[in-house]
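**Student:** Sequence:
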Amino acid sequence: MVALLLSSSLISLQAAQPQKPAAFPTVVGYNLNKDKVTFPSEMAGQTDLLLISFAPEQQKDIDSWLPAAQALQHSNFQFRWYELPISSKENFVFRWWETSSIRSDQTDPETWPWIVPLFVDRHQFQQDLAIPNQKQAVALLVNRQGQILWRASGPMTPDKRASLMSAASSQH
1 MVALLLSSSL
11 ISLQAAQPQK
21 PAAFPTVVGY
31 NLNKDKVTFP
41 SEMAGQTDLL
51 LISFAPEQQK
61 DIDSWLPAAQ
71 ALQHSNFQFR
81 WYELPISSKE
91 NFVFRWWETS
101 SIRSDQTDPE
111 TWPWIVPLFV
121 DRHQFQQDLA
131 IPNQKQAVAL
141 LVNRQGQILW
151 RASGPMTPDK
161 RASLMSAASS
171 QH
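Count the sequence shown with the numbering used here and you get residues 1 to 172, in order.
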């Protein structure tokens, strides 16, 4: 009986604690130009759209966001976008092979600074960002302090575009 009371008290204490809002964790990656980038503090914009994919099949969803990301970047010099393909932490040879594969798929070297493969603990990364699963690409509007200002998942839709444009314009 005492154990049951202690157990239920502990559960109610845990439930009463406010959930810490998701923030973009500090992660280091190398873009396709082989330049080191520390997220979120070294992002090129004051506000950045981070297009996160967990599987190669999600590239078409990422691509659907690029016209809006590029339009925002052309109209707001404080804004940038990044593609962040997420892979598990692996050895150097795997990371080299994976990055080389992505580089060979991206034939426009102008995009290379904005594509940063990240090799992280996928589960922890997903948990840190409060992403429910890895089945869809995720778009996050993030500032240099790591605050997530806006989020969506899956492909771009007219509603998501309008919402993103509104969120991005309120940041400058």
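Fair warning: there could be bad hints in the mix.
Computed Cβ-Cβ distance ranges for the label pairs, DEER-style [what the hints assert, rightly or not]:
{"#": "1", "residue 1": "R95", "residue 2": "S169", "range": "35 to 43 Å"}
{"#": "2", "residue 1": "S166", "residue 2": "V93", "range": "38 to 46 Å"}
{"#": "3", "residue 1": "R122", "residue 2": "G146", "range": "28 to 36 Å"}
{"#": "4", "residue 1": "S163", "residue 2": "W96", "range": "24 to 32 Å"}
{"#": "5", "residue 1": "T111", "residue 2": "E57", "range": "14 to 22 Å"}
{"#": "6", "residue 1": "F92", "residue 2": "T38", "range": "31 to 39 Å"}
{"#": "7", "residue 1": "N133", "residue 2": "A23", "range": "18 to 26 Å"}
Pairs of lysine to aspartate or glutamate, DMTMM-like flavour, derived with a Cα cap of 20 Å [said to hold, decoys possible]:
{"#": "8", "residue 1": "K60", "residue 2": "E90"}
{"#": "9", "residue 1": "K34", "residue 2": "E90"}
{"#": "10", "residue 1": "K60", "residue 2": "D159"}
Hints are computed from structural coordinates only; laboratory data are not their basis. The C-beta atom is built at its ideal place from N, Cα and C for all residues, glycine as well.
**Student:** Compare the structure with each hint and give your call.
**Tutor:** Quick rundown of the hints versus the structure:
| no. | hint | result |
| --- | --- | --- |
| 1 | R95 <-> S169: 35 to 43 Å | holds, 37 Å |
| 2 | S166 <-> V93: 38 to 46 Å | holds, 44 Å |
| 3 | R122 <-> G146: 28 to 36 Å | violated, 19 Å |
| 4 | S163 <-> W96: 24 to 32 Å | violated, 38 Å |
| 5 | T111 <-> E57: 14 to 22 Å | holds, 19 Å |
| 6 | F92 <-> T38: 31 to 39 Å | violated, 19 Å |
| 7 | N133 <-> A23: 18 to 26 Å | holds, 20 Å |
| 8 | K60 <-> E90 | violated, 25 Å |
| 9 | K34 <-> E90 | holds, 17 Å |
| 10 | K60 <-> D159 | holds, 18 Å |
In this structure, the hints that do not hold are numbers 3, 4, 6, 8, in rising order.
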